[in-house]
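A.B. asks: For reference, the chains in residue letters:
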Amino acid sequence: MDQAKIEKIKSLPQYQQLVKERTGLAWKLSIAMLVVYYGYIMLLAFDPAFFTTIVSGEYVTIGFPVGVGIIVFAFLLTGYYVKKANSDFDELTAQIKKEVE
Amino acid sequence: MATMMKTLFAFLMTALPMLAYAAGDIEGGEKAATNWPAITMFVIFVGATLYITYWAAQRTKSAKDFYAAGGGITGLQNGLAIAGDYMSAASFLGITGMVYLKGYDGLIFAIGFLVGWPIILFLMSERLRNLGKYTFADVAAYRFKQTPIRVLSAFGGIAVVILYLIAQMVGAGKLIELLFGLDFNYAVVMVGALIIAYVSFGGMLATTWVQIIKAVLLLGGSTFIALMVMVNMGFSFETLFKTAVENREGAMNILYSGGFVSDPVNAISLGIALMFGTAGLPHILMRFFTVPDAKEARKSVFFATGFIGYFYILAFIIGFGAIALVTADMYMAGDKLVGGNNMAAIHLSHVLGGDFFLGFISAVAFATILAVVSGLTLAGASALSHDIYANVINPNATEEQETRVAKTATLIIGALAIVFGIGFKDQNIAFVVALAFTIAASANFPVLIMSMFWKNMTTRGAVIGGWLGLISAVVMVVLGPVVWTQILDMGAAIVPYKFPALFTVVIAFVGIWFFSITDKSARAQEDKDGFEAQFIRSQTGIGAEGASEH
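Protein sequence lines, in the order shown, are assigned to chains P and B. Numbered according to the working numbering, the first sequence spans residues 289 to 389. Numbered according to the working numbering, the second sequence spans residues -1 to 548.
Possibly wrong hints are sitting among the right ones.
[Stated by the list, open to error] Taking lysine-lysine pairs in the DSSO-like style, the calculated list, with each CA pair at most 27 Å apart, reads: (1) LYS385(P) to LYS453(B); (2) LYS143(B) to LYS526(B); (3) LYS453(B) to LYS143(B); (4) LYS385(P) to LYS371(P); (5) LYS453(B) to LYS316(P); (6) LYS293(B) to LYS372(P); (7) LYS308(P) to LYS453(B); (8) LYS293(P) to LYS131(B); (9) LYS293(B) to LYS293(P); (10) LYS131(B) to LYS385(P); (11) LYS371(P) to LYS298(P); (12) LYS298(P) to LYS453(B); (13) LYS296(P) to LYS453(B); (14) LYS308(P) to LYS371(P); (15) LYS298(P) to LYS293(B); (16) LYS386(P) to LYS293(P); (17) LYS334(B) to LYS59(B); (18) LYS526(B) to LYS293(P); (19) LYS131(B) to LYS298(P); (20) LYS293(P) to LYS143(B); (21) LYS386(P) to LYS293(B); (22) LYS526(B) to LYS385(P); (23) LYS296(P) to LYS293(B); (24) LYS296(P) to LYS386(P); (25) LYS453(B) to LYS131(B); (26) LYS386(P) to LYS371(P); (27) LYS371(P) to LYS293(B); (28) LYS293(B) to LYS385(P); (29) LYS526(B) to LYS308(P); (30) LYS296(P) to LYS131(B); (31) LYS316(P) to LYS371(P); (32) LYS518(B) to LYS143(B); (33) LYS526(B) to LYS296(P); (34) LYS372(P) to LYS296(P); (35) LYS131(B) to LYS386(P).
No wet-lab data here; the hints were simulated from the structure. Quick caveat, the model's predicted, so the values are computed rather than measured.
Looking at chain P on its own, in the form it has when it is part of the complex (with noise of 0.2 Å):
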């Protein structure tokens, strides 16, 4: 890539706005998941007492519906942005696209 294509991608509203956007998803989504499983691990280690909570009958204690909705979460985080990036920054990337090529 030569410098003068570089200055007019760079130029460009749409690539501005994809970088922004998708760097601001892309860290918010990320901060996300690690809070949540790291408050979980740490939850586990200062605080063990917590997870012999029943929650339903006799036997089911409140980890597993943690755990699973754990999983669930980082599922739904990953679709969550895919679909973002398949429409809206796909979107953006094939304008950029047009400009210069």
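Let chain P serve as the given structure and place chain B on it in line with the hints.
C.D. replies: Same frame as chain P, now just chain B:
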């Protein structure tokens, strides 16, 4: 092509006498009686995968075909293949075994394995796809001086591959020894011969399809086991947990954490190793180059996360199902399972579906090992042929030369896997996996992520920081409790942490940062100037090689 067919046939033929061998060998120690349904399933699987290899071999002509399946794999297919690479025997047998042994703690481990995926998707997968060609070293070396970065990345990659391979080979040998009554050494040689055939003839296309088939079989088989467990329990988790607790003589602690993460430093460190280690595993990263574009790369991570998450939930039900249902004397040796706790899922399949289903699950477990080992071998061969040979030793190499080196490298790695597999027969394999993840997180991941995100990184920073991460990871694992105390028997560990990733990852990042900002050379300026073009390409994919011609 006829020669290739003959060679494949020869491989199949050499495998058969080994199975016949198994028949006479029923009394030896831990070995089980010959399981004919299992062997039938196993022969069907091996035959089918060799046919795929033959089919793929006819379609594997260029280097791109060999390394990246021509770039024509769809997001769903690649998602299954990634999930397949990830759901190794360690996951299927290990996680269910851990749940069987420790209850809830097994789930904690599984969650740690899963949560790295969203992070990889958000921060890495598209950029890898946009920047790379065949291996992750293409990305790490993008704007830097090629030779030192390629050597570092290839070294880190091969170290991870070999260690991971040893763990899988030892696991494979033990599993086959138990299931088929086949001698350990024959089992390892057979696995080695099969992977050399898959990888050298069929390349990435065969490896990917073997992986996809195995993932489908594994998900289907696990679904069936979990469903049968729930049928037995009247679809009530209350009944499942109650029966499990009663069979453990009232041990309620299997329902919550039994102190698995009582030490915060080890807990956080393990979390870092699992999460960032995943983002540095060469055989996983390579999969992003098999899809046509960034869109399919994203989709593949989405599918992979779904399949892996679903699989771990099933593994959890299977583990508790095994506590509740695997109670007959025939499965127990004293207070332990026959063949060790890793056999929980295998025994449960026998309880629920009889000999035939046991055979099916055993064949799936074997397929799992074959597929993962093939993926690893291909990643190692690519590091040698593409990163070292074609980019460092002989930059003018033709595609034919490079592919030939890749096939030779496959043969060498396959042979090494056999030798190490036999040599490490009685070794504790848990540390090998921990070491592989720690090295991946400490050497590969920091260089890769910083090269994509940090403008001021220079060749010098990358090389010194990367080597510091790699060396400190190896040294701290060797001086830690597992290797120093348990394996080498040298007394109290010098490094008190089982998982040193918390420290070694920081060492790598600080090293990259410090040796970059103090670098005032002309090369450093060139490295920084290259960032903009790299960044634009990583964001938009403009300039990335398309796969449309395939």
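A.B. asks: Which of the stated hints cannot be reconciled with the structure, identified by number in ascending sequence?
C.D. replies: 17
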